[in-house]
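2 protein chains.
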Amino acid sequence: MRESSPIKGVFAPVLTPFNPDLTVDQERLFMHCEWLLSQDCSLAIFGTNSEANSLSVNERLQLLEFLVDRGLEPTRMMPGTGCCSIPETVELTKKAVNLGCSSVLMLPPFYYKGVNDEGLYKNFSEVIQRVGDSRLKIFLYHIPQMSGLHFSIDLIERFLREFPETVVGMKDSSGQIENIKVVLHNFPEFKVFVGTESLLLSTLRFGGAGCISGTANINPAKIVRLFNEWKTAKAEHMQNEISEIRKIIEGYQMIPAIKKVIAYYRNDNKWARVRPPLNELPQNETDTLIGKLDFLKFKIPPVQC
Amino acid sequence: MRESSPIKGVFAPVLTPFNPDLTVDQERLFMHCEWLLSQDCSLAIFGTNSEANSLSVNERLQLLEFLVDRGLEPTRMMPGTGCCSIPETVELTKKAVNLGCSSVLMLPPFYYKGVNDEGLYKNFSEVIQRVGDSRLKIFLYHIPQMSGLHFSIDLIERFLREFPETVVGMKDSSGQIENIKVVLHNFPEFKVFVGTESLLLSTLRFGGAGCISGTANINPAKIVRLFNEWKTAKAEHMQNEISEIRKIIEGYQMIPAIKKVIAYYRNDNKWARVRPPLNELPQNETDTLIGKLDFLKFKIPPVQC
Numbered sequence: 001m002r003e004s005s006p007i008k009g010v011f012a013p014v015l016t017p018f019n020p021d022l023t024v025d026q027e028r029l030f031m032h033c034e035w036l037l038s039q040d041c042s043l044a045i046f047g048t049n050s051e052a053n054s055l056s057v058n059e060r061l062q063l064l065e066f067l068v069d070r071g072l073e074p075t076r077m078m079p080g081t082g083c084c085s086i087p088e089t090v091e092l093t094k095k096a097v098n099l100g101c102s103s104v105l106m107l108p109p110f111y112y113k114g115v116n117d118e119g120l121y122k123n124f125s126e127v128i129q130r131v132g133d134s135r136l137k138i139f140l141y142h143i144p145q146m147s148g149l150h151f152s153i154d155l156i157e158r159f160l161r162e163f164p165e166t167v168v169g170m171k172d173s174s175g176q177i178e179n180i181k182v183v184l185h186n187f188p189e190f191k192v193f194v195g196t197e198s199l200l201l202s203t204l205r206f207g208g209a210g211c212i213s214g215t216a217n218i219n220p221a222k223i224v225r226l227f228n229e230w231k232t233a234k235a236e237h238m239q240n241e242i243s244e245i246r247k248i249i250e251g252y253q254m255i256p257a258i259k260k261v262i263a264y265y266r267n268d269n270k271w272a273r274v275r276p277p278l279n280e281l282p283q284n285e286t287d288t289l290i291g292k293l294d295f296l297k298f299k300i301p302p303v304q305c
Numbered sequence: 001m002r003e004s005s006p007i008k009g010v011f012a013p014v015l016t017p018f019n020p021d022l023t024v025d026q027e028r029l030f031m032h033c034e035w036l037l038s039q040d041c042s043l044a045i046f047g048t049n050s051e052a053n054s055l056s057v058n059e060r061l062q063l064l065e066f067l068v069d070r071g072l073e074p075t076r077m078m079p080g081t082g083c084c085s086i087p088e089t090v091e092l093t094k095k096a097v098n099l100g101c102s103s104v105l106m107l108p109p110f111y112y113k114g115v116n117d118e119g120l121y122k123n124f125s126e127v128i129q130r131v132g133d134s135r136l137k138i139f140l141y142h143i144p145q146m147s148g149l150h151f152s153i154d155l156i157e158r159f160l161r162e163f164p165e166t167v168v169g170m171k172d173s174s175g176q177i178e179n180i181k182v183v184l185h186n187f188p189e190f191k192v193f194v195g196t197e198s199l200l201l202s203t204l205r206f207g208g209a210g211c212i213s214g215t216a217n218i219n220p221a222k223i224v225r226l227f228n229e230w231k232t233a234k235a236e237h238m239q240n241e242i243s244e245i246r247k248i249i250e251g252y253q254m255i256p257a258i259k260k261v262i263a264y265y266r267n268d269n270k271w272a273r274v275r276p277p278l279n280e281l282p283q284n285e286t287d288t289l290i291g292k293l294d295f296l297k298f299k300i301p302p303v304q305c
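Here the protein sequences line up with chains A and B, keeping their order.
Note that this note's numbering numbers the first sequence so that position 194 is 194, with each residue one more than the last.
Note that this note's numbering numbers the second sequence so that position 9 is 9, with each residue one more than the last.
Simulated from the structure, these hints should not be mistaken for lab results.
Careful: at least some of the hints might be erroneous.
Same chains, same label: a pair holds when it works inside one copy or across any pair of copies.
Capping the alpha-carbon separation at 30 Å, the derived lysine-lysine pairs in BS3-like fashion look like this [stated by the list, open to error]:
no., residue 1, residue 2
1, 113, 292
2, 95, 299
3, 122, 270
4, 297, 95
5, 95, 292
6, 181, 231
7, 299, 94
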């Protein structure tokens with residue numbers, strides 16, 4: 001039997017702020033992490049919205065160490081560690097486990113397309129054996145629109161049979177609530193996080209564990225509140241409120257838009273910067289975006305230093 | 001004006017042999033490189049068919065150094081150096097330039113999809129400026145079926161305007177001869193390599209520079225002969241002959257199939273191994289594949305030690 005894990009709730013794939021020379025602005029990142037934790041939002045650093053694949057493996061290793069050394073609670077962290085190559089995935093995952101991170105979010109090797117279940121199984125199996133640590137807890141990262149790959153029901157079943165203590169859940173960023181429903185129907189104890197808070201209430205009703213969503217970087221408190229009160233009569237109303245904000249953001253390029261929202265509401269334009277191949281949100285789009293959020297009286301509570 | 005470059009002909013994206021523990025079998029790789037050079041085939045190490053993205057950046061840095069130290073002629077090498085992150089692309093590219101490689105084949109950052117021309121431009125521009133070396137010659141690697149990204153005519157034009165000495169050509173693995181035709185019509189001096197020898201004659205007739213093809217790992221001499229004699233009366237016949245072999249291979253998963261062909265014809269089963277997420281070609285498929293090649297009296301000339 002799989003041991004029960006407390007990992008649930010709302011995670012932000014933490015945005016990565018950059019200095020003018022495009023190095024990571026570590027202090028700003030740390031403060032943002034602290035603020036998210038203060039909102040009861042956990043930290044999925046090195047996610048898609050973190051521009052993690054635009055960071056080198058060495059940068060990620062160093063940054064993870066920095067954040068834990070600086071005092072972040074590793075049990076609240078689920079870093080992304082899945083690379084295209086097994087040695088790099090193993091190196092990052094070992095580092096996360098050794099620093100005490102509660103779990104990791106693992107992309108499949110995303111270069112080759114048309115990879116079958118057997119190939120994906122071998123890849124994860126090799127990683128798990130090489131890390132060789134019973135503390136390792138893996139969440140599979142299902143994001144076919146970027147990886148071009150799928151975790152099938154057969155493959156999940158095989159993972160749960162062969163590595164029941166290690167493969168504990170999944171983040172589903174496909175946007176297909178039907179997929180989450182089917183996965184949870186087959187594996188009720190599998191911890192499934194949805195990739196958008198728009199589907200949080202539905203996911204929780206199907207038995208899901210929470211959400212890991214880019215917009216949790218700007219709207220954590222209200223998303224966390226829905227997670228805490230989803231069984232109350234106010235749940236539908238709370239869902240509609242957070243979905244409204246999410247829908248506005250989805251009208252723009254997600255990562256540049258969220259960064260601009262932080263830059264604007266914190267009056268800190270350094271947050272706007274992205275690494276290529278992404279582009280900063282243009283000023284005219286930023287203006288319409290902020291106009292829509294202002295109309296809803298959107299705010300980001302201040303960072304407490 | 002762009003200085004004229006002698007880079008043309010037939011390149012193999014050199015297959016990477018693995019030891020039982022999945023480390024790179026360096027000596028076998030070196031011998032295969034030597035053999036390819038002896039067939040007048042140049043070396044595009046770290047390509048898609050090399051399983052380059054299944055190697056860590058550190059493995060690639062070390063391997064490149066090993067091959068040059070061991071005596072391979074760097075001017076015959078066009079290593080793949082494009083990673084998802086700018087720092088890693090820069091590190092690999094600098095190493096290739098410093099070792100004297102004639103050029104590099106650069107994948108676009110392939111994690112994010114829907115990246116626009118501006119984002120791709122900034123990515124390559126940043127890499128070129130950081131490498132900061134006039135010896136750098138870049139071939140853009142156009143392989144939308146893996147990267148999900150496209151090099152548009154507008155983007156190529158911008159590269160040629162801003163970096164005429166550096167962005168010298170492209171490998172087009174899209175399989176769309178129409179794209180090669182359009183690119184060469186717009187930029188007659190751009191050095192375009194096609195990703196399959198099935199389109200070599202057409203590409204040369206449109207003014208292309210040659211081909212970089214996985215099957216050059218097993219059939220280099222005949223592909224090179226077509227390149228050398230493409231203006232002769234025998235060209236169509238030579239094209240048909242090499243296309244026949246290519247078509248057989250295309251009936252299988254390309255990389256595992258080519259590796260099995262080498263393993264069989266060199267009587268060296270160590271060549272069959274692949275890194276996950278790829279799978280070794282199953283025995284029954286290998287049998288039918290070899291049967292078809294044997295029927296055509298296919299052979300691989302021996303490696304001279």
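For each hint, the structure was consulted:
1. 113 with 292: between (39 Å within a copy, 26 Å between copies)
2. 95 with 299: neither (36 Å within a copy, 48 Å between copies)
3. 122 with 270: So residue 122 and residue 270 pass the 30 Å test across copies only (19 Å; inside, 42 Å).
4. 297 with 95: neither (42 Å within a copy, 52 Å between copies)
5. 95 with 292: neither (42 Å within a copy, 48 Å between copies)
6. 181 with 231: For residue 181 and residue 231, the Cα distance is within 30 Å only inside one copy (18 Å; across copies 61 Å).
7. 299 with 94: neither (38 Å within a copy, 45 Å between copies)
Violated hints, listed in ascending order, are 2, 4, 5, 7; each of the other numbered hints is respected by the structure.
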